[in-house]
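Number of protein chains: 2
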Amino acid sequence: MITVHGFSPSGNCHKLRLLLEQLGEPYRWVEVDSSQGQTRTPQFLALNPNGKVPVIELDDGRTLSESNAILYYLAEGSRFLPADRWQRAQALSWMNFEQYSHEPYVAVARFIAGWTPLDSPRRAELPALRERGHRALAVMEQHLRTHDWFSGDDYGIADIALFAYTDVAGHGGIDLQAYPALRAWLARVRATERFVALPEPDAQAAQRIAQTA
Amino acid sequence: MITVHGFSPSGNCHKLRLLLEQLGEPYRWVEVDSSQGQTRTPQFLALNPNGKVPVIELDDGRTLSESNAILYYLAEGSRFLPADRWQRAQALSWMNFEQYSHEPYVAVARFIAGWTPLDSPRRAELPALRERGHRALAVMEQHLRTHDWFSGDDYGIADIALFAYTDVAGHGGIDLQAYPALRAWLARVRATERFVALPEPDAQAAQRIAQTA
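Those protein sequences? They're chains A and B, same order as listed.
Going by full-length UniProt numbering, the residue at position 45 of the first sequence is 45; the numbering climbs one at a time, nothing skipped.
Going by full-length UniProt numbering, the residue at position 149 of the second sequence is 149; the numbering climbs one at a time, nothing skipped.
Bear in mind the hints are in silico, worked out from the structure with no lab data behind them.
Fair warning: this is a prediction, and the values are worked out from it, not measured in the lab.
For each residue, glycine too, the CB sits at the ideal point set by N, CA and C.
Take these hints with a grain of salt, some might be off.
Example chain B residues on the side facing chain A (calculated, C-beta under 8 angstroms, incomplete) [what the hints assert, rightly or not]:
(1) Trp29
(2) Glu66
(3) Gln99
(4) Pro117
(5) Ser120
Some residues of chain A that are not near chain B, with every Cβ distance over 12 angstroms (derived) [claimed, not checked]:
(6) Arg17
(7) Glu31
(8) Gly51
(9) Arg79
(10) Asp153
(11) Arg183
(12) Arg194
(13) Phe195
(14) Arg208
Model the full assembly from the supplied sequences, consistent with the hints where possible.
Right, dumping it as structure tokens:
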């Protein structure tokens, strides 16, 4: 059985939970609180020298890191990865877009708002992160005006990758009101079979988010 | 024939040139100077709404963006992409590492040093970028102490992706002296058949690099 080492509030980690649930594949989940330094311990660095969750571990001890590489690995041979070479390439392109042009802004703004102290100097980064986040959302909106999904003709791992942090962009102060096609796509993803939502932020994170301008 | 829209000094673009040369696949190269705003024109945004090079264009006008997705597309079915599912996943993992934990530091430090004016306010970012770049190189060094390649048992697209900016990290003031296994790997990549090096920086970029502390 696959073991996932992950932090439940992390969208990167939740991507794996969503796919594993939708695949109907059994897994163990080991909670690693990256906001409390648990990814910097010698034990964790032995799993992933880059010190990041998620990591999956097979029964024989082999490990694989990087959320989108894990999604690809888990989805091979399933309906969540396009069988067509060109569509598969487009899905990978959107997953690279997610990690380079979306997550570093949309996810980081959310992390700073909810998981750093209210007096953290990192809060000065929020306006620039939000502006770059909106640029990424505008690129998604343009695609969604003429396409239903990011993974080709059907829902798949590129949708899972992009859904994770887009759905909770509001936590970081990034409003989705200006993106009707994107909001319709979020609703389509939420309506997929065996969909599971990211857990709500805990009380402390929720309070910080509420107090973030 | 594939058309590559790319900026020759860009490592992300050079990845494609290196793989296409090593595949022996003919291609056209259309130069797009992203340092001069040529990726923000309406014509270019029609190719890639995210405004980034490289983009490949097929004869029928279809386009694909994101360097590592393009590498994967071009390499499918060749010896540059592992046939084994687990090795393929590890290659994708390293390519995601490259785009998330390496390129935003190693490549951006180089870009700022060589392709922004000597009085650019962005130069204040250099110390932090170099520190994060060294963290990525240390992770690579650890892997290379016990492995020859990043793409599985043989040289492949994860090596191409990581080689691009690692080989020219010095342009951004990131010294490779502390990484012997990494330097041996760079030499192994340079010795692969039909290897082509990134072009030397032009006179202006070279002068800026020389004057960057």
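Interface hint status, Gln99/B versus chain A (Cβ within 8 angstroms): holds, 5 angstroms
Let's test the interface hint: is any C-beta of chain A closer than 8 angstroms to that of Pro117/B? Nearest chain A Cβ about 21 angstroms off; hint violated.
Per the stated criterion, does the least C-beta distance between Arg79/A and chain B lie above 12 angstroms, as a non-interface residue requires? Holds: least Cβ distance 17 angstroms, greater than 12 angstroms.
Non-interface claim for Phe195/A versus chain B (Cβ beyond 12 angstroms): Holds, because the least Cβ-Cβ distance between Phe195/A and chain B comes to about 24 angstroms, which exceeds 12 angstroms.
Is the Cβ of Glu31/A farther than 12 angstroms from every Cβ of chain B? holds, 22 angstroms
Against chain B, does Gly51/A hold up as non-interface, every C-beta pair farther apart than 12 angstroms? Violated, because the least Cβ-Cβ distance between Gly51/A and chain B comes to about 9 angstroms, which does not exceed 12 angstroms.
Chain A contact restraint for Glu66/B - C-beta distance below 8 angstroms: Where the cut-off is 8 angstroms and the nearest Cβ of chain A is about 4 angstroms from Glu66/B, the hint holds.
Restraint check, 8 angstroms cut-off on beta carbons, for Ser120/B near chain A: violated, 16 angstroms
Status of the stated non-contact between Arg17/A and chain B (beta carbon gap over 12 angstroms): The claim holds: Arg17/A sits with its nearest Cβ about 18 angstroms from chain B, beyond 12 angstroms.
Minimum Cβ-Cβ distance from Asp153/A to chain B exceeds 12 angstroms: Correct as stated: the minimum Cβ-Cβ distance to chain B is 15 angstroms, above 12 angstroms.
Quick check on Trp29/B please, does its C-beta sit within 8 angstroms of some C-beta on chain A? violated, 20 angstroms
Holds or violated: is the Cβ of Arg194/A farther than 12 angstroms from all Cβ atoms of chain B? holds, 23 angstroms
The structure fails hints 1, 4, 5 and 8 (numbered hints given earlier, in ascending order).
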